[in-house]
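With chain A fixed as given, assemble chains B and C with the ligand onto it according to the hints.
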Amino acid sequence: MEFEAVIGLEVHAELSTKTKIYCGCTTEFGGEQNTHCCPVCMGLPGALPVLNKEVVSYAIKAGLALNCEINKETYMARKNYFYPDCPKNYQITQDETPLCSNGYIEIALEDGVKKVGIHRIHIEEDAGKALHREDGTYVDFNRSGVPLIEIVSKPDMRSAQEAKMYLENLKAILQYTEVSDCKMEEGSLRCDANVSIRPKGTSEFGVKTEIKNMNSFKAVEKAIEFEIKRQIEAIKNGEKIVQETRRWDEVKGETIVMRSKEEAHDYRYFPEPDMVYLEVDDKWIENIKASLPELPEMKKARYINEYGLPDYDAGILTSSKALAGYFEETVAKGANPKDASNWIMGEVLRTLNDREMTIEDIKVKPEDLAKLIELINNGTITGTIAKKVFKDMFETGDNPEKIVKEKGMVQISDENAIRDIVNKVLDENPQSVEDFKNGKTKAMGFVVGQVMKASKGKANPQLVNKLVEEELQKR
Amino acid sequence: MHTKTLHEVKELINKKEISCVELTKSTFDRISKVDDKIGAYLQLDEEGALKKAREVDEKIQRGEETSFLAGIPMAIKDNICVEGLKTTCASKILENFVAPYDAHVTKKLKENDAVIIGKLNMDEFAMGSSSENSAFKKVKNPFDLERVPGGSSGGSAAAVAAGEAYYTLGSDTGGSIRQPASLCGVVGLKPTYGRISRYGLVAFASSLDQIGPFTKDVEDCAHVLNVIAGHDSMDSTSAKVEVEDYTKYLNQDIKGMKIGIPKEYFAEGLNPEIRGIIENGIEVLKKLGAEIKEISLPMSKYALAVYYILASSEASSNLARFDGIRYGFRAEDFEDVVDLYVKSRSQGFGDEVKRRIMLGTYALSAGYYDAYYKKALKVRTLIIQEYKKAFEEVDVILTPTSPTVAFKLGEKSNNPLEMYLSDIYTVPINIAGVPAISIPAGFVDGLPVGMQLIGDYFKEGTLLKVSHAFERETEFTKVKPSI
Amino acid sequence: MSVTIKDVEYVAKLARLEFNEEEKQKFTEELNNILGYVEMLQEVDTDGVEISIGAYRVVNALREDEVKPSFDREKMLQNAPDSQDGYVKVPKVIE
Ligand SMILES: [Zn+2]
Chain A
1 MEFEAVIGLE VHAELSTKTK IYCGCTTEFG GEQNTHCCPV CMGLPGALPV
51 LNKEVVSYAI KAGLALNCEI NKETYMARKN YFYPDCPKNY QITQDETPLC
101 SNGYIEIALE DGVKKVGIHR IHIEEDAGKA LHREDGTYVD FNRSGVPLIE
151 IVSKPDMRSA QEAKMYLENL KAILQYTEVS DCKMEEGSLR CDANVSIRPK
201 GTSEFGVKTE IKNMNSFKAV EKAIEFEIKR QIEAIKNGEK IVQETRRWDE
251 VKGETIVMRS KEEAHDYRYF PEPDMVYLEV DDKWIENIKA SLPELPEMKK
301 ARYINEYGLP DYDAGILTSS KALAGYFEET VAKGANPKDA SNWIMGEVLR
351 TLNDREMTIE DIKVKPEDLA KLIELINNGT ITGTIAKKVF KDMFETGDNP
401 EKIVKEKGMV QISDENAIRD IVNKVLDENP QSVEDFKNGK TKAMGFVVGQ
451 VMKASKGKAN PQLVNKLVEE ELQKR
Chain B
1 MHTKTLHEVK ELINKKEISC VELTKSTFDR ISKVDDKIGA YLQLDEEGAL
51 KKAREVDEKI QRGEETSFLA GIPMAIKDNI CVEGLKTTCA SKILENFVAP
101 YDAHVTKKLK ENDAVIIGKL NMDEFAMGSS SENSAFKKVK NPFDLERVPG
151 GSSGGSAAAV AAGEAYYTLG SDTGGSIRQP ASLCGVVGLK PTYGRISRYG
201 LVAFASSLDQ IGPFTKDVED CAHVLNVIAG HDSMDSTSAK VEVEDYTKYL
251 NQDIKGMKIG IPKEYFAEGL NPEIRGIIEN GIEVLKKLGA EIKEISLPMS
301 KYALAVYYIL ASSEASSNLA RFDGIRYGFR AEDFEDVVDL YVKSRSQGFG
351 DEVKRRIMLG TYALSAGYYD AYYKKALKVR TLIIQEYKKA FEEVDVILTP
401 TSPTVAFKLG EKSNNPLEMY LSDIYTVPIN IAGVPAISIP AGFVDGLPVG
451 MQLIGDYFKE GTLLKVSHAF ERETEFTKVK PSI
Chain C
1 MSVTIKDVEY VAKLARLEFN EEEKQKFTEE LNNILGYVEM LQEVDTDGVE
51 ISIGAYRVVN ALREDEVKPS FDREKMLQNA PDSQDGYVKV PKVIE
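Residue numbers (my numbering), protein chains in the order written: chain A, 1 to 475; chain B, 1 to 483; chain C, 1 to 95.
None of these hints come from the bench; they were simulated from the model. Using N, Cα and C, we set each Cβ at its ideal position, and we do this for glycine too. One or more hints might be untrue.
[What the hints assert, rightly or not] Under 7 Å between C-beta atoms, here's a sample of chain C residues computed to sit facing chain B:
no., residue
1, VAL11
2, LEU17
3, GLU18
4, PHE27
5, ILE34
6, GLU50
7, ILE51
8, ALA55
9, ALA61
10, LYS75
11, PRO81
12, VAL88
13, VAL90
14, PRO91
Just chain A, same shape as in the assembly (with noise of 0.2 Å):
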């Protein structure tokens, strides 16, 4: 029998509120424990939370990017739990009324684009954070009361693939948005996912578990992987699956079992009484439709269609909001934008990719980037040239200019002078010559490559082929 995954996931994004979202502690990353805090986030008695305005704009702005309705009527509620993080004990969040729901995501896949939905969009508060050491727990509160919005998707996602691609594509519109930075190493953006097989072409869903603890995208599709595996091997071995949590370990790469069904919670969530509704009116509404920004998507299409990029290079380009940014401000900087795109797909991000590093840490400016790429088409350095002259700029940020002058690496184009080298390797390699006699045409590159070499690279490679065909035609 074959089978297909049904995968559903649970992302939390901090938002990029300058304070909580029930106080008005600062929402800084990094203070030192205990002193972002003050009665209403500490759960103190007799303290009143009040709501922040602008988590509802930035709410409201995720949902919009995102195709959801808009829930103009809403009320928060308690989610009671005792953990030593938490502290008053419940978490003010929303249960029947989320603010946003019924949107989508559209993911490309190769048979074309799908739209992966979006249950709901809903604000809570983060709780503490706990660290475990060998004498004791050690609870910080700087976190609590810092506002999230919790995106549930639909159990639209059918690959482990897919469930990454929802992921990226979703990361990039929060921070096209500005509604998150989504800086996972923080703790800014967490994903939970519930899994289930079911045999391909029923539509009935299977049981289904729920992974935590997946510390990075690559971690989710790893962990959503596994568990389908396991789920898949599970049923062939006669086996029942248990509804449960299961939490991913990263070192075994497998995921493990938190909690059973039995030992869930009941929750007892109920409206807050500490609170009052919350009405989002058209005008509210409106004025954050004006402020959104180009979303990754639009950006997408008027790459192709503005720029004739191909399909592939736009979707990466497009992917986050600081690398389109990067590309657009080298186009602007006078760089034909399929150079540009070229460049930054190819050494730009193999290079980061290489060092383990980001767009956001790149010395090169997106001007240095333009000039390079007119050092080329002008004439003045060769693309091999460009190369090295990039490695340069990567390690120490300087202007291309600068590295062509002090190192002595302007392109050769004095046909006397390249002659002369064509003539040393052709002396040099007569076995090339007798190749080239015979009709062995592959032997001629053999000869370009030997006298770019000899002019370490500073040729000018139109005029070497040029040269070099020339004199073994009078050989």
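What follows is chains B and C with the ligand alone, placed relative to chain A:
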């Protein structure tokens, strides 16, 4: 001195016949004389009070203008935070909790130079109708030391009745201001929900709790309300309705005002002598020119059931924060963090609190939410609608405050449901969120009986107007216990 | 709906409370009494009735996104039964 009202001592201060320090000292003298018997105070702050009194005396000496409340000794129920003082809620679980911040009302009082002399005893976490549920000591009724003062703000009522403070603050979730005011022969006002900020009031049931004053007469009530009422941006449920000068409702004519008498409040279960006193009160108002009209509030009979679901459910969640982690009592021997929670809470909370937490947790738990909590929220809507409709016809609704006079200590403590019935006349008002006041209306065998006046939303002024007319016509607020 | 000892045990676990057998028995009875009383709500016709969160309708009590000074850590931890290095300390929690 201790039998005088707030406005009377204010006059003495204005005439410089007494200084604030002298007044404060005399209040502490009074406390040391009687509080062993009454048990109203859980904590005194003589040093802080005298310091404040001295400051006010200096201000007066310099000829500076001072607030009406300036320099006059008052006390606060021990579920309202005063920075630097303990806020115990009369619970072992908060026995050593020192509030690191001021409640909104405390801030207002301090800004108005009130002399805060201490924190008042109560039923643990405001759960009870007799103040017997205090973890520390029981409060006694100043009119009869063998009887309860009512609750949960028993300390606040008894302190005013016994002359241990010129006014006090309490909180009212289902009658916790009005019922003890009735049983102790003082004036107690539960304002409209949202009229006074709850910031810094340790929550029992967030959607019902409201802070209010206990005073010796209606005039004092207007003065205190003037200071503590108003919007607070720290409390989302605080109303943005403008605060009036409530003293303008004093000494007014009530001719032609329509007073509704809901027949359901005079049905079985009401002590006949109390009925007589309330009927007498109705006659007094009639004589003053009020128009008496019988009305019907049939949904009222469901109010207590709604109350026990809503109040307990909210309480079960509000009291979850008392876990022995960030503050409060932590049990000694525990195996792990769950055991720490269980032991700290089981040892830290008293029986009544546990009972309500259990009821509330049950009502919210999986499978029961719709049948209990959601149903109660819907019936609440119907009760609210009924009150709104009633106030289209009448200005004020008049009822007894409590079905009985002060009962003996221990008399009802073994029967929770019977104890809950003490609140039968006061609870619907919290469900609807309207304001209500209890004023002294007579005595049965030397024990005070209160009359409850209920007003439309934010019509505290109307309540004060009718109450003050009644008070001028009768002498009941002048009767003091012989302690 | 009748409350059993098992229900009391389940609810106690949720509420982080513990009781001896006698207390469990007592709570079972008391909860049944109170819930028996509350049962009267079922006779009220609430079809089409909206729920009321709070006594009257208030909307949009919102705060501007402006940073207010936080409290001194010392003050925030002054009541903590156990704290160390500026952290609130609890017995080790095993995930
Ligand atoms: Zn805070």
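Discussion item. Please list, smallest to largest, the hint numbers that this structure does not respect.
Written reply: none
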